[in-house]
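Number of protein chains: 2
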Amino acid sequence: MRKSDGRERLLTAGLKVLHSRGFNASGVQDITDAAGVPKGSFYNHFESKEAFGAEVVARFWEEGARRALPLLSDETRLPLDRLKAYFAAKAAANLASRFELGCMMGNFAAELSGQSRLVRDRLAALFAGWTRALATVVREAQEAGEVPRDLPAETLAGFIIDAWEGAVLRGKVERDPAAFERFERIVFSKILA
Amino acid sequence: MRKSDGRERLLTAGLKVLHSRGFNASGVQDITDAAGVPKGSFYNHFESKEAFGAEVVARFWEEGARRALPLLSDETRLPLDRLKAYFAAKAAANLASRFELGCMMGNFAAELSGQSRLVRDRLAALFAGWTRALATVVREAQEAGEVPRDLPAETLAGFIIDAWEGAVLRGKVERDPAAFERFERIVFSKILA
Numbered sequence: 001m002r003k004s005d006g007r008e009r010l011l012t013a014g015l016k017v018l019h020s021r022g023f024n025a026s027g028v029q030d031i032t033d034a035a036g037v038p039k040g041s042f043y044n045h046f047e048s049k050e051a052f053g054a055e056v057v058a059r060f061w062e063e064g065a066r067r068a069l070p071l072l073s074d075e076t077r078l079p080l081d082r083l084k085a086y087f088a089a090k091a092a093a094n095l096a097s098r099f100e101l102g103c104m105m106g107n108f109a110a111e112l113s114g115q116s117r118l119v120r121d122r123l124a125a126l127f128a129g130w131t132r133a134l135a136t137v138v139r140e141a142q143e144a145g146e147v148p149r150d151l152p153a154e155t156l157a158g159f160i161i162d163a164w165e166g167a168v169l170r171g172k173v174e175r176d177p178a179a180f181e182r183f184e185r186i187v188f189s190k191i192l193a
Numbered sequence: 001m002r003k004s005d006g007r008e009r010l011l012t013a014g015l016k017v018l019h020s021r022g023f024n025a026s027g028v029q030d031i032t033d034a035a036g037v038p039k040g041s042f043y044n045h046f047e048s049k050e051a052f053g054a055e056v057v058a059r060f061w062e063e064g065a066r067r068a069l070p071l072l073s074d075e076t077r078l079p080l081d082r083l084k085a086y087f088a089a090k091a092a093a094n095l096a097s098r099f100e101l102g103c104m105m106g107n108f109a110a111e112l113s114g115q116s117r118l119v120r121d122r123l124a125a126l127f128a129g130w131t132r133a134l135a136t137v138v139r140e141a142q143e144a145g146e147v148p149r150d151l152p153a154e155t156l157a158g159f160i161i162d163a164w165e166g167a168v169l170r171g172k173v174e175r176d177p178a179a180f181e182r183f184e185r186i187v188f189s190k191i192l193a
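Residue numbers (this note's numbering), protein chains in the order written: chain Z, 1 to 193; chain E, 1 to 193.
If we strip away everything but chain Z, and leave its shape as in the complex, we get (with noise of 0.2 Å):
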């Protein structure tokens, strides 16, 4: 196995161990178990459990925003309609996990921010990348004449999100979309609109 492989591995079964378990309740053990190679591998590859994760959150979000980003800059549709589309896409993940992961940036929010500079660094350049990337679209739609131009797109962008995350943490208490059904009618009835 060349080196670039078993970092490769570490990373993507990594992602799934601490996504669903956490990051302090999983081992480097159980990392190294899930990708399949020698425990004693991983720090060839990592400096630490730590850096581990900040590499891990980065690339939750990178392949979140290929699959979904698309919807946003899909210039066949009207800005408002991208924005339905992209959280509507978003909150059929959730469903199709059941509710019980969430997202990996708000459960790493929640529980390394105090415990880790790193991550907490990594996360605030994420959600900061995140809400410029929504906030383009938002002003997009307000220079369409769809949304108000009363509040800046940002102020917008950074709220949606993490009204978002919110009710994502509330899925995974309660199982079911009652929030993400809130979230949908709430953005494009009062916010966006």
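These aren't lab readings, by the way, just hints derived from the structure by calculation.
Misleading hints may appear alongside valid ones.
Computed spacing ranges between beta-carbons, pair by pair [unchecked claim]:
no., chain 1, residue 1, chain 2, residue 2, range
1, E, 30, Z, 98, 48 to 56 Å
2, Z, 146, E, 12, 48 to 56 Å
3, Z, 98, E, 98, 30 to 38 Å
4, Z, 175, E, 175, 30 to 38 Å
5, Z, 100, E, 16, 27 to 35 Å
Ideal Cβ positions, reconstructed from N, Cα and C, are used throughout, including at glycine.
Since the structure of chain Z is already known, use the hints to place chain E on it.
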């Protein structure tokens, strides 16, 4: 030391430990050390660390409710003013802890929903009670003509709580009040308006 004293010391000290470090990063010994009781005595008072976690998060809610809920029932103020005062007080509490701790209910929702059915059920009940308490005041605001009646008070209250939890998470990551400021702005200019 009477048995009830040890139990009370464990709950008081353990709430602080679990709030700042999270559940899985804290051992029973961290809790007994903080409480100043012998490690072995923990299981005289609680069946498991999990059962302790469920009691602690219920106590977190009760303590917060004792401080903040009176603001919601202050009948010298109009309902919308009470809601503003309530969230302003909660934002001030987050500022006072430099946004580090977050909400234990949100933290446990993220960390433990998949790990503990006991904690998840407790959280579901606490979130439902919180939503009912908030919805009562939203309904009063609707009856007073301060808030439109186009959406049910329970839907609005549920969404506002989710958005709050998301803002608290973002505050933990960014360690600044931006998420609280946009929460206040959007809730009171778009959602309850």
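Quick check: which numbered hints come out false for this structure? 1
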